[in-house]
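Here is what each chain is made of, one letter per residue.
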Amino acid sequence: GAGVSQSPSNKVTEKGKDVELRCDPISGHTALYWYRQSLGQGLEFLIYFQGNSAPDKSGLPSDRFSAERTGGSVSTLTIQRTQQEDSAVYLCASNKDRGRGTYGYTFGSGTRLTVV
Amino acid sequence: AQSVTQLDSQVPVFEEAPVELRCNYSSSVSVYLFWYVQYPNQGLQLLLKYLSGSTLVKGINGFEAEFNKSQTSFHLRKPSVHISDTAEYFCAVSLSYNTDKLIFGTGTRLQVFP
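Residue numbers (the working numbering), protein chains in the order written: chain H, 1 to 116; chain E, 1 to 114.
In isolation and in its complexed conformation, chain H is listed as follows (with noise of 0.2 angstroms):
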């Protein structure tokens, strides 16, 4: 597509069950990044792909996240027993190839997640 694509646009979900955020990067891109924006706390890294593998997962903040990336080219988060903690903006990018951050990232609009 002609740019990174988020899915939902907005969620509110109750405290305990389980999200999924979906991103669809721009076509071709094989690096794709989650990012998650809460209030007051900027951006923080979540995870990277470069194809279907994460070498870098060190953001997922506990177990209850987790992120897959199939066909090299949509790619899930998800969110199991969501807490309130949880509730921020979740942004996904996606870039032409892993190691291209010099180059700029494009940014999905995002999904803003409500846990009440």
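Please keep in mind that the hints were generated in silico from the structure rather than gathered at the bench.
Ideal placement from N, C-alpha and C gives every residue a C-beta, glycine not left out.
Careful: at least some of the hints might be erroneous.
[To be verified] Here chain H is said to cover these stretches of chain E; the calculated rule only asks that three of the stretch's residues, wherever they fall, bring their Cβ under 8 angstroms from a Cβ of chain H:
#, segment
1, 12 to 23
2, 54 to 63
[To be verified] Computed Cβ-Cβ distance ranges for the label pairs, DEER-style:
#, chain 1, residue 1, chain 2, residue 2, range
3, E, S30, H, V12, 14 to 22 angstroms
4, E, S28, H, P61, 20 to 28 angstroms
5, E, E16, H, T13, 41 to 49 angstroms
[Stated by the list, open to error] SDA-like, lysine to any residue: derived pairs with alpha carbons at most 25 angstroms apart:
#, chain 1, residue 1, chain 2, residue 2
6, H, K17, H, R81
7, E, K49, H, K17
8, E, K101, H, S38
9, H, K96, E, F113
10, H, K96, E, S52
11, E, K101, H, R112
12, E, K58, H, G104
13, H, K57, E, G43
Keeping the supplied structure of chain H fixed, place chain E upon it in accordance with the hints.
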């Protein structure tokens, strides 16, 4: 570990006035420095970057930033702002040998008033 500090969470300014958004970083190894801008309901967009060479770098929309190694700063400036510059601005660093992970500051909300 690396860290980025943006001391000003909000900066109000009148149109056509100059503005400076402050960014300080901490790192024991070589880093690259970036400024990203996030307009309302849009994704982040790269504004400018410092990799090496001249410490004054120019970006899009008339913004520029100066890398100061001794003060570990990378302040963003614009001599005359427009209403359309109203947005959230994020300073970020990456390790020079690993650009697949950005460490962001908490952001500065620039509000331009007519």
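Status of each hint after checking the structure:
Counting residues of the segment 12 to 23 of chain E whose beta carbon lies closer than 8 angstroms to any beta carbon of chain H gives 0, which falls below the threshold of three, so the coverage claim is violated. A stretch counts as covered by a chain when three or more of its residues have a beta carbon under 8 angstroms from one of that chain; for the segment 54 to 63 of chain E and chain H the count is 0, and the coverage is violated. At about 43 angstroms, the beta-carbon gap between S30 of chain E and V12 of chain H misses the expected band of 14 to 22 angstroms. Distance hint check: the CB atoms of S28 of chain E and P61 of chain H are about 25 angstroms apart, consistent with the given range 20 to 28 angstroms.
For E16 of chain E and T13 of chain H, the hinted distance range of 41 to 49 angstroms is satisfied, since their beta carbons lie about 45 angstroms from each other. Distance check on the hinted pair: K17 of chain H and R81 of chain H sit about 5 angstroms apart at the alpha-carbon level, within 25 angstroms; holds. Taking the CA atoms of K49 of chain E and K17 of chain H, the gap is about 40 angstroms. The hint is violated against a cut of 25 angstroms. Taking the CA atoms of K101 of chain E and S38 of chain H, the gap is near 17 angstroms; set against the 25 angstroms cutoff, the hint holds.
For the given pair, K96 of chain H sits about 38 angstroms from F113 of chain E by alpha-carbon distance, which is inconsistent with the 25 angstroms threshold. For the suggested pair K96 of chain H and S52 of chain E, the alpha carbons sit about 22 angstroms apart, so the restraint of at most 25 angstroms is met. Of the supplied pair hints, the one linking K101 of chain E and R112 of chain H holds, its CA atoms being roughly 22 angstroms apart against a limit of 25 angstroms. For the given pair, K58 of chain E sits about 15 angstroms from G104 of chain H by alpha-carbon distance, which is consistent with the 25 angstroms threshold.
At most 25 angstroms may separate the alpha-carbon atoms for a hinted pair to count; K57 of chain H and G43 of chain E meet this at roughly 22 angstroms.
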